[in-house]
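Novice: Below, each chain spelled out in residue letters.
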Amino acid sequence: MVREESGELIQGTLEMLVLKALARGPLHGYAVAEWIEQTSQQVLKVEEGALYPALHRLQLRGLLNAQWGASENNRRAKFYQLTADGRKRLNAESHRWARLSAAVAFVMQAS
Amino acid sequence: MALHQVLLKIQSLFRRRSMASEINEELEFHQALLRDRLSRQGVPPAELDMATRRTFGNALRWRERLTELWQFGTLENLLRDLTFSARLLRKSPGFTAVALLTLTLGVGANTAVFSLINGLLLRPLPVPDAEQLAVLRMEEGGPQPNYSFCTPFFRSLERNHDVFADVFAYNPDILQVQGRSANENIPGMLVSGQFFRALQTAPLMGRYLTPEDDRPGGSPEGLAVVITEQFWETWFDRAPDVVGRKLIIANVPFTVVGVMPKQFIGADPTRKPQIFAPLSTDPIIDAPRNHIDDGIHAWWLTVGARLQPGVTLAQANASLATVSRPILHAASDDAEFIGEEEKGHFHFVAEPGSRGFAYARLLFRRPLLAMFSMCGGILLLACLNLAGLLMARGAARERELATRLAIGATRQRLIQQMLVESLLIAILGTAAGLAVAPLVSRSLAALLLSGDSGGLLDTSLDVRVLCFAACVAVISAVLIGLVPALEATAGNVNDHIKDGQHARQPRERRRILPRVLLASEVALALLLVVGAGLLATSLVRLFKSGLGFDPKGLVNIAFRMDKQQLEGDALMRQYQQLGEGLSRQPGVKNVSFEFIVPLSHRGWNGRYGAPGAQPQLMYMNSVGPDYFATMRIPLDQGREFTWADSKASGLKITLNRSAANLLFPGKEALGQQVIEERSHSTYQVVAVVGDTKYRDMREPAPPSGYIPIMQDEQKKPSLTAVVRSDGPQVALASAARSLAARLTPTIPAPTLSTMNEVLNDAMNTERMMALLSVFFAGCALLVTGIGLYGTLAYATARRTNEIGIRMALGARRVGVMVLVFRENALVAGIGSVAGLTIALLVSRALGSFLYGTSPRDPWVLLGSVAALTLIASVASLLPALRAARIEPMAAIRCE
Chain A
1 MVREESGELI
11 QGTLEMLVLK
21 ALARGPLHGY
31 AVAEWIEQTS
41 QQVLKVEEGA
51 LYPALHRLQL
61 RGLLNAQWGA
71 SENNRRAKFY
81 QLTADGRKRL
91 NAESHRWARL
101 SAAVAFVMQA
111 S
Chain B
1 MALHQVLLKI
11 QSLFRRRSMA
21 SEINEELEFH
31 QALLRDRLSR
41 QGVPPAELDM
51 ATRRTFGNAL
61 RWRERLTELW
71 QFGTLENLLR
81 DLTFSARLLR
91 KSPGFTAVAL
101 LTLTLGVGAN
111 TAVFSLINGL
121 LLRPLPVPDA
131 EQLAVLRMEE
141 GGPQPNYSFC
151 TPFFRSLERN
161 HDVFADVFAY
171 NPDILQVQGR
181 SANENIPGML
191 VSGQFFRALQ
201 TAPLMGRYLT
211 PEDDRPGGSP
221 EGLAVVITEQ
231 FWETWFDRAP
241 DVVGRKLIIA
251 NVPFTVVGVM
261 PKQFIGADPT
271 RKPQIFAPLS
281 TDPIIDAPRN
291 HIDDGIHAWW
301 LTVGARLQPG
311 VTLAQANASL
321 ATVSRPILHA
331 ASDDAEFIGE
341 EEKGHFHFVA
351 EPGSRGFAYA
361 RLLFRRPLLA
371 MFSMCGGILL
381 LACLNLAGLL
391 MARGAARERE
401 LATRLAIGAT
411 RQRLIQQMLV
421 ESLLIAILGT
431 AAGLAVAPLV
441 SRSLAALLLS
451 GDSGGLLDTS
461 LDVRVLCFAA
471 CVAVISAVLI
481 GLVPALEATA
491 GNVNDHIKDG
501 QHARQPRERR
511 RILPRVLLAS
521 EVALALLLVV
531 GAGLLATSLV
541 RLFKSGLGFD
551 PKGLVNIAFR
561 MDKQQLEGDA
571 LMRQYQQLGE
581 GLSRQPGVKN
591 VSFEFIVPLS
601 HRGWNGRYGA
611 PGAQPQLMYM
621 NSVGPDYFAT
631 MRIPLDQGRE
641 FTWADSKASG
651 LKITLNRSAA
661 NLLFPGKEAL
671 GQQVIEERSH
681 STYQVVAVVG
691 DTKYRDMREP
701 APPSGYIPIM
711 QDEQKKPSLT
721 AVVRSDGPQV
731 ALASAARSLA
741 ARLTPTIPAP
751 TLSTMNEVLN
761 DAMNTERMMA
771 LLSVFFAGCA
781 LLVTGIGLYG
791 TLAYATARRT
801 NEIGIRMALG
811 ARRVGVMVLV
821 FRENALVAGI
831 GSVAGLTIAL
841 LVSRALGSFL
851 YGTSPRDPWV
861 LLGSVAALTL
871 IASVASLLPA
881 LRAARIEPMA
891 AIRCE
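Protein chains in written order, with this note's numbering: chain A, 1 to 111; chain B, 1 to 895.
Hints were generated in silico from the structure; no laboratory data involved.
Output of the computed footprint for chain A on chain B, the stretches with three or more beta carbons under 8 Å from beta carbons of chain A: (1) 24-34; (2) 55-66.
Derived CB-CB ranges, DEER-like: (3) A:Asn91 with B:Ala406: 41 to 51 Å; (4) A:Ala84 with B:Phe14: 24 to 34 Å; (5) A:Gly25 with B:Ala406: 37 to 47 Å; (6) A:Thr39 with B:Val43: 21 to 31 Å; (7) A:Ser71 with B:Val478: 44 to 54 Å; (8) A:Ser71 with B:Ile892: 55 to 65 Å; (9) B:Lys91 with A:Glu72: 42 to 52 Å; (10) B:Val478 with A:Ala105: 48 to 58 Å; (11) A:Ser94 with B:Lys91: 48 to 58 Å.
Quick reminder that beta carbons are idealized off the backbone N, C-alpha and C, glycines included.
Between the sequences and the hints, there should be enough to build the whole structure, so can you do that?
Specialist: So this is what it looks like as C-alpha cells:
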C-alpha cells in the first residue's frame, strides 16, 4: 500500500490548495483540479480522483458547502463553496504555509 | 467525530441510494470533462480510456473511498458483512447445518449444566441484603462438617446472640393437611420464631410467624401457619378472606395468619414449601415422633443467621467460639456425649449464607463440576471442528479472498468479515442452545433430585446464565473464526490469484495448522470417550454388584398410618387386610410389608449381642410375614415370620448371614438368644437369611437383623407394602388407592414406586454422569468424524488436478486411496496418542466417581481407541474412495 502513504503525505496540503481554489467563489471538482494545475503551471499534478475524498472530507467537516447547479456546458454538477469556517481555516493555513515555506527556503539557501 | 459530521452522516444514512448516484454522477462529470480535454489534446480515441484512467486514477476505488467517508464505517461494514455471511451460510447448507448442530449441542449442554450450577451453587436467595446471611455448622473433629443441629443447641444459640441480629432454624417436612375426603401430603417447613424476620420478606397478606408463635401451644390466639401464594391459589382459590381461616394439619386446627409472595422460597433453594409452621409444633405435626423432646438424639435442624449490621463473619466466628463450650454443656447431662464432642474440639462455625443452605449442594458439587468440564470439552470440540472446517473452506475461498485483497480491501477488513461469519454461526448456535437449555436443565435437575421427595431446583434462565451464554458465544466465535481468518488472508496476493485452486508448492505452515487442529480434536474426543467408558463400566458393575434380593417386578406401596386412629394389634389387622386385598389383584404373586425400603437412604441401627458378648452394630428392619419369599432373599435356615408372631408370643429376630457370623462365629445361630443393648430385650433367632445391601449400593451388605412388624416398638408404624407382581402397575396403583380409601379412609393416598425406581434414585449421580458422558462421547465421535471427513473432502477436492495427473502418469487407484487415506491416518494416530497420554494423566480425577473400576482400566482405554479408530477410518475412507474414482482426463481438462 505504498500509494496510500504518499496520499497521506499530501492530504493536508491538498486540502489547503482546495480551500484556496474556492476562495474566489464556488467551483465544481473538475474546475478545482484545473485551477490548481494551471495556477501551479503544471507542477502540482495530482491524480485527479484524489481530489474528491478531500472535497467530501472538507464538506463533512463543515468547511465547505455543496450545491448542485448547472455547469458551463449545462450539465448538472456539484459546486463547492467556502463556509465562514472554511475561510477562517484557509487564513490559518496560508499563514502556517507562508512561515513554513519561508523557513524551508531559508534553510535551503544557507550556504 | 464532530456533531456536524455525525448529523451529515445520519442524513446520508436515509438517502443511501441517492447518495450513491450523486457520487457516481459527480465522478462521471469529472471524467467526461477530462475525456473531452484529453481528446482535444490529441489523444487517439482508442487510448482515451487508458489515458483517463491514468490521469483520474481508479474510479471504482475513489467511489469506494467516498462511500466509506459518508458511512459510520464499522457499523455499516458490519451490516454488510452480516448479509454477506448470511448469504455464504445459505449457500452451503451442509456446512451450516453441521456448524449449527454441533454448536447448539455444545452451547445447549454448557448452558444447561451452568443453569444447574447457577441454581444450586451460585444464585443468592431472593431476600433483601442476602450477603448478611450466614449458615451455621458444627466442627466435631470428623472428616465432614455437620450441618444438622439438635434442638438444645439451636435454642441456646437463638437465646443469646450478640453478633447476629437473628438466628433461625428450619426443617423441611411433609404435612398431612385435611382435604375434602382424606388427608393430603403437602410439602411444608417447620421454622423457628426469627426465621421470617431474618429473611426480611414482607408477607403479601396478613403477617408472618414471630417468636410468639414459636412457643409450645402457640401464641394466645392459637396455633398459626403462614402459607405461600401458590398454596393460597391451589387450596383457597385466592380467597380474599384467607387470613383467619383454619387448616387441619395432623388432625389439629391451625389458623392461617399470612400469605407469602411467590418469590419467597425460604432459605433452601432446593425446597418449595407450601406451608410454614412454627418449629414448636413439631410434636403435633410429626406425631408420634417428637424431635424436640428427643434433645441431643434428634439432629434435624438447619441453622442460619443474619449478621448484625457492621459485624464481619470473622467477628461472628470469634464470638461463636467462646459460646460453643457452654452451649455444649448446657445441652445434656450425658457425660459420654460431651466427652466425645470435646475430644473432637467441638465448636460452632458461621459461613457465608447468601445462597442459603442446600444439602444437595454437598452431594452434587463435584459431579456438577465434572459434568461442566465434560460440557466444556464438547464445546471446545465443536469449536475446533468448526475452525477446521472453516479453514478448509477458507482454503477453497482463496481466489475470492485474493481478488478482494487486490481490488483494495484491507486484510483487516477480510478478517473482520470472516469473524463476523463465525460470530453469526456462534450467535445462531447459542440462540438455539439457549432455546433447548431450559428443557435440558429442568430434566437434569429432576434427575438429580429424584431421590429426594419434595426437592425442587429453580434452573430458570437469569442474567447470570444469559451473560454466560453471551461469553460462550463470543469466545466460540473467536475460537472458530480467528485462526482460519488469519490463515486464509495470509500470504502474497499474486500467488493466490495465479495459483487459485491449482496444485502448487506445499506451504508447510498451511498444511500443519489444520492438522494440529484435527489432531487436538481427535485427542479431545478420545478423552471424552475414555471418561464415558469408565463411567459407564462403573455403572454396569454397580448394577451387577448384586443386591441380595431380586428387584425385578417388585413394587413398593407406602401407607402413612401415623395420623389415623388405630394402633398396635388393631393396626396390624388392618395391614393384614390391606395385604390380602393386594394379593387378590391380577398378576400379584406375593405381598409383604417392610418398615424401611432397602437403598432408599433411610436407616435404623442398634447394637445387639449374644448373651455375655460385646454388642455389635447392626442395621435393622421390621418386616411382615412372607417377606423373604417376596423379596427373593434366600432363607438359609429357619422360617418366615407369621401374623402369629405378636408381642405376646415372645420377641423374634432373623439375622442375615453376616450378622449370624458376627454374633455367633463358628456356631449355629438358629435358636440362639440375642440381646439389644439399650432396652436389654432378648430376642430369639428364628431364621438366618442371605445378605442384602441396606442403605448404599456402593457399600457391601452390612450385618443386619429383621424383627416382625407385629413386635415393632412404634405404636403406629407407617409401613410399605412390597408386592411382587407381573401384572400392570397402573391397575395395582388404583387398586391400592381404592383399598386404602375403603379400609382406612383418613390416610393420604398411598404412594407407589417400583423397586427399579428406587434403585435408579440410589444410583442417581452415577446414572446421570454415565448417561450424559455416553451421550457426549457419542456426539464427540460424531463431530470428530464429521471434522475428519469434511477437512479431508475439501483437501481432496482441491487436489483433483494433482490426482488426475498422478493417475494419468500411471498411479493406481489403490495407490491414490492410500495417498488420501494416509493424510487422516497420520492425524488420527497422533491425536490418539496425545489423547491417550492425557487420559492416563487426568482420569484419576474421575476415580472418586467409579465403582469397582480402575481409572486406567485397560479394556476401556483399548475400546475407546478402537471406537475412535473405527470412526476415523470410516470418515477418511469416503473421500479416499471418491478420489480413487476420479477420471484422470476429466480432472486434467478442468484446468
